[in-house]
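K.L.:
Going line by line, the protein sequences match chains A, B, C and D.
Note that the numbering used here has the first sequence beginning at 25, numbered continuously upward.
Note that the numbering used here has the second sequence beginning at 25, numbered continuously upward.
Note that the numbering used here has the third sequence beginning at 25, numbered continuously upward.
Note that the numbering used here has the fourth sequence beginning at 25, numbered continuously upward.
Source of the hints: derived by calculation from the structure; they are not laboratory data.
Keep in mind that a hint or two might mislead.
For chains that are exact copies, the list does not tell them apart, and a pair is met inside one copy or across any two.
[As the list claims (entries may be wrong)] Here are the computed lysine-lysine pairs in the DSBU-like style, where the Cα-Cα straight-line distance is at most 35 angstroms:
1) K49 <-> K432
2) K30 <-> K201
3) K161 <-> K201
4) K185 <-> K432
5) K161 <-> K56
4 protein chains.
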Amino acid sequence: MTLKTKERYLESMRDLEADVYLLGKRVPDVTKNGFTRLALEGIGAIYDLTRDPRYRDTMTQRDGQGPFSVYCSIHRSREDLVNRVRVARFLCQRTGVCTASRCCGWDAMNALWHTTFEMDARNGTGYHRRLQRYIAKVRREDLTVAGALTDPKGARSLKPKHQPDPDVYLRIVEERKDGIVLRGAKTMIGGAVGSHEILVQPGAAFSEAERDHAVAAAVPLDADGVTQVVNRQMGDERKLEAGFDKGNVRFGSSESLVVFNDVFVPKERVFMAGETEFTGDVVSKFVLLHRMTLGGCLAGCGDVLTGAAALLAEFNGLSRQLMDRFVEMTYLSEAMYAQALGAAYQGQDTPSGAWFPDPLLANVTKTSVTRLPFEIQRLAEDVGGGMVSCMPSDRDLRSDRVGAFVDKYYRGLRDVTAEKRLRVARLLESMVFGPGKLSTLCMHGGGSPAAASLGIRQLADLESKKEMARRLAGIGD
Amino acid sequence: MTLKTKERYLESMRDLEADVYLLGKRVPDVTKNGFTRLALEGIGAIYDLTRDPRYRDTMTQRDGQGPFSVYCSIHRSREDLVNRVRVARFLCQRTGVCTASRCCGWDAMNALWHTTFEMDARNGTGYHRRLQRYIAKVRREDLTVAGALTDPKGARSLKPKHQPDPDVYLRIVEERKDGIVLRGAKTMIGGAVGSHEILVQPGAAFSEAERDHAVAAAVPLDADGVTQVVNRQMGDERKLEAGFDKGNVRFGSSESLVVFNDVFVPKERVFMAGETEFTGDVVSKFVLLHRMTLGGCLAGCGDVLTGAAALLAEFNGLSRQLMDRFVEMTYLSEAMYAQALGAAYQGQDTPSGAWFPDPLLANVTKTSVTRLPFEIQRLAEDVGGGMVSCMPSDRDLRSDRVGAFVDKYYRGLRDVTAEKRLRVARLLESMVFGPGKLSTLCMHGGGSPAAASLGIRQLADLESKKEMARRLAGIGD
Amino acid sequence: MTLKTKERYLESMRDLEADVYLLGKRVPDVTKNGFTRLALEGIGAIYDLTRDPRYRDTMTQRDGQGPFSVYCSIHRSREDLVNRVRVARFLCQRTGVCTASRCCGWDAMNALWHTTFEMDARNGTGYHRRLQRYIAKVRREDLTVAGALTDPKGARSLKPKHQPDPDVYLRIVEERKDGIVLRGAKTMIGGAVGSHEILVQPGAAFSEAERDHAVAAAVPLDADGVTQVVNRQMGDERKLEAGFDKGNVRFGSSESLVVFNDVFVPKERVFMAGETEFTGDVVSKFVLLHRMTLGGCLAGCGDVLTGAAALLAEFNGLSRQLMDRFVEMTYLSEAMYAQALGAAYQGQDTPSGAWFPDPLLANVTKTSVTRLPFEIQRLAEDVGGGMVSCMPSDRDLRSDRVGAFVDKYYRGLRDVTAEKRLRVARLLESMVFGPGKLSTLCMHGGGSPAAASLGIRQLADLESKKEMARRLAGIGD
Amino acid sequence: MTLKTKERYLESMRDLEADVYLLGKRVPDVTKNGFTRLALEGIGAIYDLTRDPRYRDTMTQRDGQGPFSVYCSIHRSREDLVNRVRVARFLCQRTGVCTASRCCGWDAMNALWHTTFEMDARNGTGYHRRLQRYIAKVRREDLTVAGALTDPKGARSLKPKHQPDPDVYLRIVEERKDGIVLRGAKTMIGGAVGSHEILVQPGAAFSEAERDHAVAAAVPLDADGVTQVVNRQMGDERKLEAGFDKGNVRFGSSESLVVFNDVFVPKERVFMAGETEFTGDVVSKFVLLHRMTLGGCLAGCGDVLTGAAALLAEFNGLSRQLMDRFVEMTYLSEAMYAQALGAAYQGQDTPSGAWFPDPLLANVTKTSVTRLPFEIQRLAEDVGGGMVSCMPSDRDLRSDRVGAFVDKYYRGLRDVTAEKRLRVARLLESMVFGPGKLSTLCMHGGGSPAAASLGIRQLADLESKKEMARRLAGIGD
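Throw the hints in and build the complete structure from the sequences for me.
P.N.:
If you want it as structure tokens, here you go:
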């Protein structure tokens, strides 16, 4: 069976020896560094759960070669889209973090599945076949593939072609007979540090004059010229420590700047090269999937945060008094989930066979996702009490000098030790302010709130609504 | 074919000669009175659209006897539940009003389908067969059946058995060999004035000591002892006028107090009589359907209101400046719709064969429905401008003395006459403050916001969420 | 003493014989027509309370001639501004309605006090002296003066000078030696029907090419060529009935279109004629006062609505269960009030001696006022229950045929008759949907939400805030 | 002159040699440790600005001995309360952090001023005189005095007298002739690490059986038995680094657990000992001041955050597109400020001569403060873009290996270097997620949201509001 164990996955990441930097220093083995290890554990959870027989229907699909991870599947039905949302919620419930790399790679494969089909149909190119072969390899080797859209973009008010430095949008600097050479970067790439490969695609709709930027390709993360600079989020340092101050003691996430410093990509890994007229399409297909899926992710993280808040309230002896907050948190999480399901069920297929969510409802889900989690977080802070912003460290608890004080003064309800209370308060803290905070994934993932609004604006069909009003008001034409 | 034309429906209502009162006076012919006529036109729209070949798949089902209205169907699949939501939105888009009678009757038939099946299975009674026969008759005669839950309830802080006047909950005052005698009332009954029959069922979970109140039965609205007092809403008087001040010039809705003053109901029309242990179940099944469906209704009414606002802005020359409001209104409507779809798709079947929505998501949809439409209304008032609260009447426009002034000073953008502007402003007004206001249906339909919160509380499963948090915080047991 | 009794005020209004139209017909005596009478009672309450010794400090000021109504005073201190807000809240608590005419006249007198002073200082004109004489007369005769800014405006996307019909902004059509002739209209004029005079002033900042529109003048409402068309709001008809369905059985409000059909105004009543460079200033001074004051008005109406909701809950036996709603309603009302007080206390004087609120905080108050009352209304509907949208009329209660049913089935907690319950439910209804609804005054009074946002934008001083950020981020220049 | 320079203040803190622990280790010199130094700089800013002649009127008062810091003044007028709010906003604008110690000490001195006066009046004790002497010393020596209310509280569902460990509420374990011995702790004490003394007072209303807990006293922070455990917040570690990743590179704040391990306090420093009947009063007076003042603090921090967001948008070339967000952020900040001013101006004096804010409006301000800053933060995250959660560290920027990449790919609009952009993004990050996040001060400072709601509930005066409704509905008694 091709499905990797978590251990095998970790080994493969160690063996990859990608060029990774953290806090200005090279990370020689990503499975050893506390920070990157936690990120790998997050992705590792996918490998674990995929092999768990209880979740086989959700986490795997089959083809002639046997079962493969759902994370390298193409959505072929309404049910597949719904499952996409369910998987997102499930993973977030289990890990409390964003395991973005496999998700974004999944989105990118689906978006390119559709767009390569369309390009070939129009231009007679052979991209779709190439992509099929590439996906077959990914399935066979059970690879984690990061999906990468976002370019650094420089000055946002200037178009790509007017940027002083053209490299702020990834581009082809040379076309050779056997491949292309890439220069530039992709930024905020979730889970790159735990990925085998990166699948880049355009991050914006480019015009004819910007053809060099119209590029999609798969690049192994150990390729010559690829360098990752792992981002630093609030609280990341704690992941380098042993204690429980990191909050989520089992799983982490990561984002990176991935630099392409004149990287050669052989032809069979190139899925778009210059077809600017398809760049808008491939962006839109990617973000639709992402905007829908976020409803599942945030519901799952909302569940964990609701649980953390409820647990802390229980430890404080306040479960009953704060029940209305838990009900509201549940409402907010489920509202996002229900919207994502609605977007999935209203989905449609495409000539390529790939299914995509309803564009309007996907944008609606995304819009909710940029608002509701903030209220969930606010309620969590309300429930958590002042403690969530003001508590001693686990090192204080273990200190010879002040440990006894912490132990004495941080106890909760009978049998609730200070450590238990601090552990859950730290988890809550990390999901509100720290590297697991909901807003990291919800506000800008899949595009900004403004982009989602624009999507709704384009699909609102005000003319048909005006016509409804005209009829009822008795205004003839 | 059994499907009635609208004309035939109106005739049948005229012929029914129900005992209807409005503003303290008897309405001898409900098709003639301006107020009741508009309500009948709302229900009439269902009859019209049901016979329209374009909507056959949505609006009809078939059995051995041929096609029948979807409004007398039992939901037999996930798709049926989804269709329920779609029909609700469609009708509201077409009419701008709540055509509650057929909807609530639909809910009541489905709830009783399930509960009669369960009662018979437990007690060996024959209610389910009776109900089947009754529904067959409703289909055959294409009847509009009002569904009725809500009792007057007297002092809310007292249980039914402690009420000074036991009649404030509908009850059986006599059991005869051939039937039962009902006394009491059902209140806020949507569309009763346009219905042939009323299907009453318990409005609360009753205890053993309250068995007289555990009653479900179908009663023709012209039965001896049944009297309707039609409620008076803000702006209702305008429906008695000819002009456009009523806003929605084509359709209306209505609610009534329906009094049962010792009404005899023959046995074959009785579907529950004393089975208090099933009262909670039948209430819950009814409200689940209603709470889900409201997401469709409010989206549909939201569409019309968005259209009215967009049209008024167009007439004022402000379409571009106010675009962000229309985007937000669209977002809010679609968010409710998406949630209703989610609740439908997550639905489940029951041993009786009837399907019901996911209880948690139905309550979530209802909760959204008690909040979002108010923001839609607020935005409509923002867009509408001061005019929506301050405008002359159509009689002023037609007056010899001041008509010319109104015509001159209420013109909008080129070619937009005062009448056009006033008509759409009146429509908007009626949907925000008047009898078509969104909040009439959304706030208390299917139960209060507090009831929906309670539903979420019961289904929130905080224990499993605490367990998720415990694992990630490293708190063992 | 010059302070009029309410009776004397009503007589004076009857004697005025203004040319008033309602629902297309002339109203020969505004003290007799049920609709206009209620509006006059609202203003009459001011006369009553002004003579009440308990409120002397709040409701009156004194000059050499003795006491006069605070409604014709010029704000001469921070305390006067604060008193302005207090008076607004007090009147709304007492009447539950907007008594706009005296308020807007008050604003107009203050705005013109300032602007005439400035015009004279710059141009050597004699407007300020004229205005002083006019105000002295108003005080001496204790007149109600409506303030009027808003022009019909035609197509909003066109500037005044490009309007096909120049009359859609009030204008001087002729300048004579002894005065000017006005043509056009002012629209949505609160309380005109209960006013002796109207004080018009520019409703927008006009450019040099629009000098005819730069006009301020006081016109008696019985002047030749002045016609009022009273607007029709939802539920107005009930004011023509005897019963309690009108909700607020004691007071009403009104708005009118006031048409100036070539009205001659003698010179001593003209306070601006062509000075376009001061039009922006006079608008801004008027709206600042109005935007601040609304915080008091809406708090006062919020108080009444909170009281109505609490009373209905008491009658239903639900006071305790709904306490959180009353707390929230109170919070929202007081938040607006506190902001208005802040705007008043931060106020500043002007060279003319008149004080005006802090511009930024006045716009902030107004912005709150366009949002919070809608939540108050939503909570009132929540508390009110389905009944607020579904109840029989008072005529049903008094009907021989169905009165007993209504009486029986609408009783509440012990001793609460149906009439008591219906009366308070009708009051609540009228303040949420009817002519007393909060949103009539809050959304567009003193300008639209967009106008308030623009005000905040102009005063936000982002540069100084960026400088704060620069220092703390260690970014030098 | 007694006003200390910042340098003298820092020396005095170094000389104090309090027993301070951070991350489990003793901090031998709080002016050297990066973390504590930044906290001292925050308080140091008060010393700096107090001596700045430009701010003399705001920052100082005078008595017979000359000028003293406003932070040790008793509010003696409405203007003093307003100044309190202004000072709060000013300090937060200048430092971007909460300089809680001097604020809370200020509150505690005022609350005790009032309560000691009342105790003496009732019981003939001599507390007030003692307190006066103590305050005179604080002024003369220009001391920073932390104010301390909050006890660890153990199981919240148990009353103090039922706690298994009585020490979870600070208490007198021994009364000696010359003083008392304290045992227990005060928790979440802002700025303790930068304070000379701590002024403890009851944190709850205690009953007769809990008299040991009714204690107020001033304790030097270097007293025998006093130990501080400094809390660890998200991102605190960065304060130990040199670079700009800490966001706010100039100022910090801190909170501590302050343990009293059998600490002797001489009589002249004791201001309450056993007077349980006054414990509710002193808590209430303290929190009123705090709840009002927060409106100023959060407005000030809101200003800085708005500035940071506007600056980042400028660097990205998006100022115009995001203007509506800055307007909304400004609105929210000013709304809190206006409410605080309202609460101040409605303040009242007490027999002791000390003034306190209006209790209802102070609770209203606090309620706003638990909500609006979260929306400000959300908008800041929206404006900030994905970058705020995903950016390289300053060490990456300075790295030989990847520094050039960071420099190249993080540039903004022309002339905006990567460092400038990263600096302001880090500032924004620290104010949203990090130790300077608004919610640290706003949610639980001065009590929980539930406590503020309770305050509103007690002061809502629903009966008078019901009476208003009764009159307008025509319901007689």
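K.L.:
Where does the structure disagree with the numbered hints, that is, which hint numbers, in rising order?
P.N.:
The structure breaks only hint 2.
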